[in-house]
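Chemist: From these two lone chains plus the hints, build me the complex, please.
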Amino acid sequence: MKTLVWVEHDGKAVKDATLAVVTAASKLGEVHLLVAGSDVDAVAKEAAGIAGVGKVHVADNAAFGHNLPENIAPLVAELMASHDAFLAPATTTGKNIAPRVAALLDVMQISEILSVEGPKTFTRPIYAGNAIATVESSDAKLVLTVRGTAFEKAATTGGSGTIEAVSAGGDAGLSSFVGAEIAKQDRPELTSAKIIVSGGRALGSSEKYQEVIVPLADKLNAALGASRAAVDAGYVPNDYQVGQTGKIVAPEVYFAIGISGAIQHLAGMKDSKTIVAINKDEDAPIFQVADFGLVADLFNAVPELTGKI
Amino acid sequence: MKILVPVKRVLDYNVKPRVKSDGTGVDLANVKMSMNPFDEIGIEEAIRLKEKGVATEVIAVSVGPAKATETLRTALAMGADRAILVQTDDAVEPLALAKIFKAIADAEQPGLVILGKQAIDDDNNQTGQMLGALTGWAQGTFASAVNVDGDHVNVTREVDGGLETVKLKLPAIVTTDLRLNEPRYASLPNIMKAKSKPLDTKSPADYGVDTAPRVKTIKVSEPPVRSAGVKVADVDELVAKLKAMGVHS
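Protein sequences, first through last, are from chains W and B. Per full-length UniProt numbering, residue 1 is the first one in the first sequence, and the count goes up by one each step. Per full-length UniProt numbering, residue 1 is the first one in the second sequence, and the count goes up by one each step.
Chain B extracted, bound-state conformation (with noise of 0.2 Å):
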């Protein structure tokens, strides 16, 4: 079967975002972009399916600017075998990404989608409950194991006070969480092999697709700020400020 795996360009993990002083969003530009951590993950998850003879191929797809082709291109690296950009400038809701995925899902018939449980940007953590939606697909979200059986792939969870285990009829939506895989990571020759792997250009325009918001952003403010605390020299003085304030045994 082949697998579908969207992947998202986003500001990188390690930077610290900065919030622009006329309230409109955060700063992006200049400033290190790197692929979705927990898309990572789904390629890396995609790509052992396919090692071990369950995928026959993998194709990854992003819904972005010009500059996602590096994000393909990265997963490319990593092994996926095609890549599809939709490229447009407009920041895309996850509604209409699930709606262009559910237009690419029905034209390349993949057995499984599977997406990152959530983008670090807008922390959103809805494609792929919704393309779940619009497939009519099961869904197996927050993945820390994934093993497909026959017609069926058995999805262990991460939910809140433990894991879960349930069996999805194929195809199915797959969302990483981060213990699912370790991502591998682009050798050299790899990332110069992937510059001749196929990638198409797309728009949204191609699928059908509407991506005018329906969410308006008014405003981005930054959190409130914590007060400067104190450092206290020993763990008396510790003990003593945390009696003062009424913890105790």
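Isolated chain W, as found in the complex (with noise of 0.2 Å):
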């Protein structure tokens, strides 16, 4: 089987939820990569370099600068003429243009796959991970999206992949990029981190957020992260979300801290390997996945915590 990655980039390095997905799509075949954007010489050559990779197919345009599906998705189409399976990573980019290239291809998508069970055959994550689902695609062609956190990383090194110019595409003319506003972070990307430090609505302002919080976070060189509740009072961006309509993780360790732990929340922590729960409510439903718990006031035990680790 021939498979096509879509190369996830930021126009300089590539991003490494592509990695997982390569890893996914070495377990269905052959590997080919698609980096489609503007001026992206640089991550064709990084592309190439990961390891597995067979060809690597460049789309230099400036219509495939901005991800806009309304041009990548005829240009993905075109290339799985010669290919047998799409595979994307899970990010809110694949989310946005894989389901858009399913339905050209009048295939359905089988999204945040876990595991390859056949050649044909997924699993996947539904009713917010409290059920895994197998599946099996009965379509000609196969259009997945991959969780990354479900999946190894390919290495990003060792691979001699040819890099091959695609000139099919260009501006559908339906959609244009006005701007964006991205957060600034310095610490490990949400999705990537060894560690992560959530916080919840108990901690009542974003004051207190960057009070209690980020010390700790600082002190472990962890990620930042937060449940939906916080988000929605405002005291942190809505990037740093967790939770089954938020960011999906599985860090090392997992800080849940003031954080009741509904089952949306869940759905984006469960799977990290260690959980720490702080939380004053000892019936709170995070404590049942917790592997330690402290029934505690964060305002004290967090604080007490960064000083003594």
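Worth flagging that the hints you see were computed from the coordinates, not collected in a lab. Being a predicted model, the structure only gives us computed values, none of them experimental. Don't be surprised by glycine CBs; every beta carbon is placed ideally from N, CA and C. Honestly, I wouldn't trust all of these hints.
Unchecked claim - With a straight-line Cα cutoff of 16 Å, these simulated EDC-like cross-link-like pairs (lysine to aspartate or glutamate) come out: (1) Lys193(B) to Glu70(B); (2) Lys194(W) to Glu304(W); (3) Lys231(B) to Asp297(W); (4) Lys219(B) to Glu117(W); (5) Lys241(B) to Glu252(W); (6) Lys2(B) to Glu70(B); (7) Lys231(B) to Glu117(W); (8) Lys216(B) to Glu117(W); (9) Lys167(B) to Asp171(W); (10) Lys216(B) to Glu252(W); (11) Lys15(W) to Glu70(B); (12) Lys2(B) to Glu57(B); (13) Lys169(B) to Glu252(W); (14) Lys243(B) to Glu252(W); (15) Lys308(W) to Asp236(B); (16) Lys67(B) to Asp90(B); (17) Lys27(W) to Glu152(W); (18) Lys241(B) to Glu304(W); (19) Lys197(B) to Asp81(B); (20) Lys231(B) to Asp283(W).
Stated by the list, open to error - According to the in silico footprint, chain B covers these stretches of chain W (three or more CB under 8 Å from chain B): (21) 67-73; (22) 90-99; (23) 232-238; (24) 262-275.
Modeler: So this is what it looks like as structure tokens:
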């Protein structure tokens, strides 16, 4: 089987999410990559070095610069004439593009696969991760999005992919990019961090989040996360949100501080290796999944923890 | 312009799903069902656009069993003008749903179709994007702000890392994210009024759409259960546990 993997990048470097997709694709067959964007020579070179990669298709065109699905999906659909499966990371970019590709090919997509069980058989979470479905596609071609935390990352070196330019596609004239507000963070990215310190509604304010959560994260070189309640209350930007509707994470250690543990939140973090919960309500559902639980007032316990660790 | 808003009847988001012991699916007998939360946000946004004078009519549509009528009545009570139920007892996949919505869009010629970004039962996050492909319209997914400006709509999208804004040619597809708005509650008088609003019942065959599944569910199982943890007495004990795991500054 020939697979085509969507390379997510920021114009300068391949994003980590791509590496897990390469691993998933390698379980199906030959791995080809697609690097689409504007001025992407450096990204293409880096992509060709990923272990196990065959061909790297490079579509360099201003129309592909901002991942607009109206321009990208027809390009992918055209390349799919010579591939059997299209795989994209289950990031906001992958989720935006892949279903549009699937419909152009008249196939059903299988979203957020957790494992490859056979050439057309996969597992995926449903109901916010409260059930795992094993599903089999009957379509001629596969379109899959891949949950990054469910697969090992492919090595970024050792590959010898051959770079090939693609001339297909262009501006569909339906959409344009206006602007972006990207939150600046000088710390590990949430979805790839080894340690995450996450705060919830119990913090009570943005100031308290800065005062209590941030120092612990700084000390542990951890990424910052939050529950939906904390995001909705405006304590932190929405891209901090961990959960069914936010980011899915699986770090080595996840600190849930002042987070009750609603099922929508658990859906985003319950595959973490170790979960540490600090909450003053001893009946909070978070304690049912926490490896280490501390029933205490977070405003005392967290600064003490930060001081002693 | 008209706005078309697909809505789905799903297991209420507060209910913990139980996997059937025979592995065929999740038990939906005698459990509370509600409108998919992202679809409520879609209805709310459409009504707000009507209140601003941007939209002239809001049409709610649902594909599902006869009981999905309740979901449509909720949409009507919130302020939708009329509803279409495409009645079927089969589980319909996003691709077939998108084909049904495409046929309805061809008939109704809406300026916008506003869908939820995902249904909280199958968690697919596909239908809106697929409808974009089938109609050939632009898509603004995971929207946290929608501003119609003449023959375009500016959609602010929630993306990994922050927000981005795209400008889309109308007609267009929008899928809602949680922060787009706070849906209103239907008042009792509006619930009463909704009972007399028009609701058409159709079938997938009326739109010439084959709903046979492309993806077969082989089994549904419980996720792996985490082994029970321990409660520590104080911060010192927690610090000791963490240090034993190699977590320290």
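Chemist: What's the verdict on Lys169(B) and Glu252(W), does the C-alpha distance respect the 16 Å limit or exceed it?
Modeler: violated (44 Å)
Chemist: Regarding the pair Lys67(B) and Asp90(B), is the alpha-carbon distance no greater than 16 Å?
Modeler: This hinted pair holds, its Cα atoms lying about 13 Å apart.
Chemist: Can the restraint linking Lys216(B) and Glu252(W) be considered satisfied, given a maximum Cα separation of 16 Å?
Modeler: Between Lys216(B) and Glu252(W) the Cα gap is close to 34 Å, so the pair fails against 16 Å, i.e. violated.
Chemist: Checking one constraint from the list: CA of Lys231(B) to CA of Asp283(W), max 16 Å. Satisfied?
Modeler: holds (12 Å)
Chemist: Are there three or more residues in the region 90-99 of chain W whose C-beta lies closer than 8 Å to some C-beta of chain B?
Modeler: holds (count 8)
Chemist: Does the structure keep Lys243(B) and Glu252(W) at a Cα separation of 16 Å or less?
Modeler: Measuring from Cα to Cα gives roughly 13 Å; hence the hint holds.
Chemist: Straight-line Cα separation of Lys241(B) and Glu252(W) no greater than 16 Å?
Modeler: holds (14 Å)
Chemist: For the pair supplied as a hint, Lys15(W) and Glu70(B), is the alpha-carbon distance within the 16 Å limit?
Modeler: Measuring from Cα to Cα gives roughly 44 Å; hence the hint is violated.
Chemist: Taking 16 Å as the top limit, are the C-alpha atoms of Lys231(B) and Glu117(W) close enough?
Modeler: violated (37 Å)
Chemist: Do the alpha carbons of Lys194(W) and Glu304(W) lie within 16 Å of each other, as the hint requires?
Modeler: violated (22 Å)
Chemist: Please work out if Lys193(B) and Glu70(B) have their alpha carbons no farther apart than 16 Å.
Modeler: OK: Lys193(B) and Glu70(B) at ~14 Å, within 16 Å.
Chemist: Hey, Lys216(B) versus Glu117(W), does the alpha-carbon distance stay inside 16 Å?
Modeler: Measuring from Cα to Cα gives roughly 14 Å; hence the hint holds.
Checked against the numbered hints listed earlier, the structure breaks hints 2, 6, 7, 10, 11, 13; every other hint is satisfied.
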